[in-house]
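Line by line, the protein sequences are chains A and B.
Quick note on the working numbering: the first sequence kicks off at 436 and runs consecutively.
Quick note on the working numbering: the second sequence kicks off at 8 and runs consecutively.
Keep in mind that the hints are not guaranteed to be accurate.
Said to hold, decoys possible - Think about it this way: if two alpha-carbon atoms lie no more than 30 Å apart in a straight line, the pair counts; the simulated BS3-like pairs of lysine-lysine are: (1) Lys513/A <-> Lys466/A; (2) Lys156/B <-> Lys532/A; (3) Lys697/A <-> Lys499/A; (4) Lys513/A <-> Lys156/B; (5) Lys499/A <-> Lys156/B; (6) Lys678/A <-> Lys697/A; (7) Lys513/A <-> Lys595/A; (8) Lys513/A <-> Lys499/A; (9) Lys595/A <-> Lys499/A.
Unchecked claim - Sample of chain A residues lacking proximity to chain B, with all beta carbon distances greater than 10 Å (derived): (10) Thr483; (11) Pro511; (12) Asp526; (13) Ala550; (14) Glu637; (15) Thr703.
Unchecked claim - Quick look at which bits of chain B chain A covers, simulated, 3 or more residues with Cβ under 8 Å: (16) 160-169; (17) 175-187; (18) 247-261.
Source of the hints: derived by calculation from the structure; they are not laboratory data.
Bear in mind the structure is a predicted one, so any value in this text is a computation, not a measurement.
Glycine included, every Cβ here is placed at the ideal spot set by N, Cα and C.
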Amino acid sequence: MDTAQPTAVALDDATVAFRLADARVYTAVEKARLSVAHGEFVAIVGPTGCGKSTLLNVAAGLLKPAAGAVRIFDQPLKGLNRDAGYLFQADALFPWKTAIDNVAIGLEITGAPRAHALERAQGWLTAVGLGAFSHRYPHMLSGGQRKRVGLAQVLIRDPKILLMDEPFGPLDAQTRQIMGNLLLELWNADRKAVLFVTHDLEEAIALADRVVIMSAGPGARIIGDWRVSLPRPRDISEVRMEKQFHELHREIWSVLKDEVMKGYAQSTQAAEAS
Amino acid sequence: MSRPTLLFWQLMVAVVALSLWQFFASVPVFGKMLLPPFFFSNPVDVFSQIFKWFSTGVIWKHLAITLWESILAFVIGSVGGVLVGFWFARQPRVAAVFDPYVKMINALPRVVLAPIFTLWLGLGIWSKVALGVTLVFFIVFFNVYQGVKEVSTTVLDNGRMLGMNERQLTRHVYWPSALSWMFSSLHTSVGFAVVGAVVGEYLGSAAGLGYLIQQAEGVFDVGAVFAGMFVLSAFVILIDIGVTMVERRLLVWRPTAAEGRG
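With the hints as constraints, model all of the structure from the sequences given.
Pasting the structure below:
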């Protein structure tokens, strides 16, 4: 870890547990230790249901860890993480607001004048390639376009940290690549700290500076941490052709594969039991 | 089916039904009238009655009264339903305390309240408005309550992560959600506002469409009863068209304007 950069997000042995309906305690994540340096792009990869999103919610302050601590820029996190912008997996836009109003709201609630907020929002919509769609309602936009609006909505507040929960999960393969490149382009402009959750290892390597692997739940742990030294700026589709990419992919996959099989076995057993 | 053919067949249904009615009410079959005019009147008499109402202008006063009562019942019931529904949804403890009483009042057939309202508020429009309000209030109340309760947690979390405080969440998330559910029950609540007005008039009043029908029935003028019913249906259809137009404007952000829930 480069000690010259301040740590944007630090999880110190964070354990997350939920109380189940029958009073048992389900430990989702156990003693997760993770740090994201300022300006660093970290991807978390793990099998389905391993608690990746849980970890992200802890970093966002939406969930409190049962044990351990969360520090944001070396300050213990109290309540919601005000330095972070969160891009959700599910549709999170306000359906009753047009695209431009959805983006402008982030500024308006800080007390910015509406005219100014709208102007900035139009700028951000143009930046994500939706300048001509500002007066559409979310249901009139495609899944990819909604994600673009979501990205603009989060970025207009200029958060120091970006938390992303499988943001391109529901999109088709081509749109995912386009969105990945858009994300890298926007990120390249001012290098925020990014914590990016995905189940797609290729996407993780193509985007991130570091790839963190989680084990299958329950009691998921962080079991691997790889540095991706592919040069930037990258193009998502081209970077996949490189030799270094394939070597790294093979190396990480050899670890991840076992966990994916474990996670799959558990989910099928759970399905049979119920 | 193309639009003109559809319209043609729809018109044919009316023509056939009215012809049969006219035929059996005026031509004896096997020496017996199947639809005795005393009980069933006939289309010609009914429509001449309607024509007379409109040509002399008597009907306008009654229509205006019924419309005014319906509007008042709708507005008062909706405002009350939105406010109370919103309050209950945001204060689960209040909702839990009042829950059995809300259920109890809602279980009561509202018609039995009409005599009490007449006693309290007299024979004027306010006893009818009150009856309409008791109907409209609960529809709006339940819809708004549900709407606020079922706000998507992702949208809520998004609002929080964007930095909204509770007041801003109320304004930008809970409130639009509640209103959209209110609008989705617009057809039902407007319909019930009219029902409240007409039933109230029927049970005791000095003006309105319900009064007109009740008066005709009192003197066994079946033709006028049917005429009143036709005017009433046309009145409700016109209001419904108006509601649909309002709804299209207000719910543009919805994929398809949802059907009302009663």
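Evaluation of the provided hints:
The hinted pair formed by Lys513/A and Lys466/A meets the criterion: a straight-line CA distance of about 19 Å does not exceed 30 Å. Distance restraint check for Lys156/B and Lys532/A: the Cα-Cα separation of roughly 20 Å lies within the 30 Å cut-off, and the hinted pair is therefore satisfied. Distance check on the hinted pair: Lys697/A and Lys499/A sit about 27 Å apart at the alpha-carbon level, within 30 Å; holds. Restraint check for Lys513/A and Lys156/B: the C-alpha separation of about 27 Å stays at or below 30 Å, so the hint holds.
For the hint pairing Lys499/A with Lys156/B, the CA-to-CA distance comes to about 24 Å; that is within 30 Å, so the pair holds. A hinted pair counts as satisfied when its Cα atoms are at most 30 Å apart, and Lys678/A with Lys697/A qualifies at roughly 29 Å. Straight-line distance between C-alpha atoms of Lys513/A and Lys595/A comes to about 17 Å, which keeps the hinted pair within the 30 Å bound. For the hint linking Lys513/A to Lys499/A, the alpha-carbon distance of about 9 Å falls within 30 Å, and the restraint holds.
Between the alpha carbons of Lys595/A and Lys499/A the distance comes to roughly 21 Å, so the proposed pair stays at or under 30 Å and holds. Chain B leaves Thr483/A outside its interface by the beta-carbon criterion, the shortest separation being 19 Å against a cut-off of 10 Å. Every CB of chain B is more than 10 Å from the CB of Pro511/A (nearest about 19 Å), matching its label as outside the interface. For Asp526/A, the shortest C-beta to C-beta distance to chain B comes to about 7 Å, within the 10 Å cut-off, and the non-interface label is violated.
No beta-carbon of chain B is positioned within 10 Å of the beta-carbon of Ala550/A; the least distance is around 18 Å. Listed as outside the interface, Glu637/A is consistent with that label: its C-beta sits roughly 26 Å from the nearest C-beta of chain B, beyond the 10 Å cut-off. Here Thr703/A stays apart from chain B, with its beta-carbon at least about 28 Å from theirs, past the 10 Å limit. Check result for the segment 160-169 of chain B against chain A: holds, 8 residues qualifying (beta carbon to beta carbon below 8 Å, three or more required).
Counting residues of the segment 175-187 of chain B whose CB falls under 8 Å from any CB of chain A gives 6; the rule of at least 3 is met. Using a Cβ-Cβ cut-off of 8 Å, 3 residues of the segment 247-261 of chain B lie near chain A, which meets the minimum of three, so the contact claim holds.
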